[in-house]
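Asker: What follows is each chain in one-letter form.
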Amino acid sequence: MSARKAFKKWRKVSRFVRSDYMNKVAQIIERDKEKLATVISLETGKNYNESIAEVNEALHMAQFAFGSGRYPHGEAVSSEVEDKDAYMLRKPKGVIAIVTPFNFPLAIGMFWNAAPALVEGNTIVIKPSEDAPMSTQMAVQIYAEAGIPRGVINLVHGGGDTGDLLVHDDVDHICFTGSADVGQHIRKVAAESWHKTTSCELGSKSACIIFDDVEFKLSMEAAVASAFKLSGQRCVSSGRMIVQRTIYNEFAKRFALEAAKLKTGNPFKTVVRSTGMPEAVAWDVMVPDEDMYYGPIINEQGFAKIRKMNHAVANDPEAEVLLSPIYTSEGQGSYYSTPMVYKTEWRDVEYLKDEVFGPHVAIIPFDTIEDAIRIYNDTDYGLAVGILTNDFRKARVMRDECDAGMIYWNGGSIAAESHLAFGGVKKSGNGFPSAARTFRAVTHEISWTVNHADSLTFPQGMK
Amino acid sequence: MNLYLEKAKDFVSLTLKGLWKALKENDMRDFEGRNYINGEWRTTPEMYTKINPATGKTQESFPPSGTLRLARLY
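Sequences listed follow chains A and B, in order. Heads up: the first sequence begins at 1 in our numbering, then just goes up one per residue. Heads up: the second sequence begins at 1 in our numbering, then just goes up one per residue.
The hints are simulated quantities; they were obtained by calculation from the structure and are not laboratory data. Predicted model, so just to flag it, every value in this text is computed and none were measured. Just to be clear, a hint being listed does not mean it is correct.
[Claimed, not checked] Ranges between beta-carbon positions, derived for each pair: (1) A:Leu257 <-> B:Thr49: 36 to 44 Å; (2) A:Ile326 <-> B:Thr49: 27 to 35 Å; (3) B:Thr49 <-> A:Arg245: 47 to 55 Å.
Every residue gets a Cβ at the ideal spot worked out from N, C-alpha and C, and that includes glycine.
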């Protein structure tokens, strides 16, 4: 196995030198930014501006990983014994398997996961989503151009069967981002071994919680972006707007109006360009469609789930539909859905508690802060939540009581940054966040003590 | 003189057209899905097809590594 073989040498390369590769990688990303963004949009249907933002996210992680080479990889602590020095140091785990999703095909796998893993001295084998494999391959090309030694990075394409073979193989840690069901399977695979560990970033039923004291415009901007960016196919997308009853009807009405204005379609449009000269030559050019807010659903399976959940809402007399979806296609194999928006009290139904992963939003009223917390926490998930209030006391209570890994005060549920931890609780993760905290997930900490005396002294007074 | 100027303009415009076409094709149509193992780009006889979700059209083919023994791959 080339990754295992390469690990023996790579782990001995100076951390400083390992991180230096990330500087070269960052420079190439800057050079190829538009090309990378174009490929992301072409393979995922993502709005071009969001694709540029994803390239920036990858760039920031490369820069962060580069800088981390100059920072400590452990800490010095005191010993009970006066002639002893004590340290805790991070050591690489070995070969890291990375299995990635379609929705952030560039930033997550080769940057949030791989960049810290490589700086820490691990080697990697990455399996990108079969729905969006091209960005990953381009990223691997970038690392190769930067001069990463052979065997340190390995790429295998394929579907779920390939991913399953990979996690069962001779790897030491698995970074997985995807569905909760597959994440649970991977955790079981790891549990059957003695050495494999996992860091899983899974699904969610994220939300915005909107109090009546906050600026209406701010809450509307946060809610619309959190619900509909990337067609609601972010793991942190808000499928629930939990709104104080005093502003509930007004918010619901305005939200549905804003949702109805959103343009759905191909992230690119074709325009005709010409030389402008006499007997001009004209040709078609593909350019980003800046009016397009969100694009297609990634595949038939995802589209079928959205339709099923929308159908359940439409046939539920206790839900009041404010905006019905329209389904369109630009050809066999492409699937679009305009937003589904509805009002409902909080109830125990599948479409309120399970992830839909599409433009599907429930607007749910609450009366007290305790109500808001109860409703928010009443799902199996716990990933991201936007708290919209101008009351700092309420915000602090929400921060402490909401089951989530990312809590954004006066923001929506989508605001990840590479130098912050990214992960959830309950069914959304397993306590090993990604992005800034991948450095910890892909290493194990050892204790290292040094006795400077010429005799042995035990701690705790033992003789 | 005018004839030379017109020919020069034609040359520039056609070159621009060709350049854009090449850029576009470079982005996607010339993209070849490959595994990267031990510093080498490798392909296999079997491939799966990647669809552009916006149009439903075929984008590129990729090797379905799962049908092979991964241990032999990396």
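Asker: Hints numbered earlier in the text: which of these fail when held up against the supplied structure?
Answerer: Every hint satisfied by this model.
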